[in-house]
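Residue 1 is where the sequence shown starts when you use the numbering used here, and the numbers rise one by one after that.
Simulated from the structure, these hints should not be mistaken for laboratory data. Mixed in with the good hints, there may be bad ones.
What the hints assert, rightly or not - Pair by pair, the computed Cβ-Cβ distance ranges are:
| hint | residue 1 | residue 2 | range |
| --- | --- | --- | --- |
| 1 | E38 | G94 | 29 to 39 Å |
| 2 | K147 | D68 | 28 to 38 Å |
| 3 | L60 | T161 | 31 to 41 Å |
| 4 | K147 | A125 | 25 to 35 Å |
| 5 | A170 | R58 | 37 to 47 Å |
| 6 | G79 | E154 | 33 to 43 Å |
We put the beta carbon where it would ideally sit given N, CA and C, even for glycine.
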Amino acid sequence: MTRTQVAIPQVSTDAAVPAVEIRPARMDDEQRVRSFVEELSLRSRTLRFFAGLTRPNRRLVSALIATDDRRDVLLAVDGDDRVIGHAMSFKRDGATEIAVVVADEWQGVGLGSRLVRVLLRRAAARGAVSVGMDVMGENRKVLSIIKRWWPDAEMRVESGTVEVLAPIGALLGNPDQITSFGMRFGNVRDPFGGEGR
Numbered sequence: 001m002t003r004t005q006v007a008i009p010q011v012s013t014d015a016a017v018p019a020v021e022i023r024p025a026r027m028d029d030e031q032r033v034r035s036f037v038e039e040l041s042l043r044s045r046t047l048r049f050f051a052g053l054t055r056p057n058r059r060l061v062s063a064l065i066a067t068d069d070r071r072d073v074l075l076a077v078d079g080d081d082r083v084i085g086h087a088m089s090f091k092r093d094g095a096t097e098i099a100v101v102v103a104d105e106w107q108g109v110g111l112g113s114r115l116v117r118v119l120l121r122r123a124a125a126r127g128a129v130s131v132g133m134d135v136m137g138e139n140r141k142v143l144s145i146i147k148r149w150w151p152d153a154e155m156r157v158e159s160g161t162v163e164v165l166a167p168i169g170a171l172l173g174n175p176d177q178i179t180s181f182g183m184r185f186g187n188v189r190d191p192f193g194g195e196g197r
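Model the full assembly from the supplied sequences, consistent with the hints where possible.
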């Protein structure tokens, strides 16, 4: 279910970069999330949704912001409250499935890593002990990140998709492992666990 894509960043690393906030999605985020999905490149939409959808319909956008006792949705927003990252999880038994996508211009600077970390901390607090995700086989960058973070992850290839299952604790037990990918842009305000860099 996850299609996190990473590309060469065009984001400045100087102090003028606006702060990024990671926060739960709200019902009033519908238009912001719709705009975010529409602005993703065809490749990013395909890697995330397994389809190159052009305009997300209302049902999809509603699903992308809906939360309940099993679904968690986080947004990364810039100083103008523009969505630049989306992460969601769905808890089933002791496992949580995750899906993450980052705006093309923010890929490769660690924002996706930060979203995953916050999402998994929240899932672990709700009782999840393992994480699952589906990644397109062509998404080599994300697959290499997964292998680095979870060297013992179970991976099964089916119809061009890599199904991944890994213990959450293996990643959260070593915070340096996830932050080593880097947060190389302005301050990140994370209301769930501190500042990120």
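Determine which of the earlier numbered hints do not hold for this structure and return their numbers in increasing order.
-> 3
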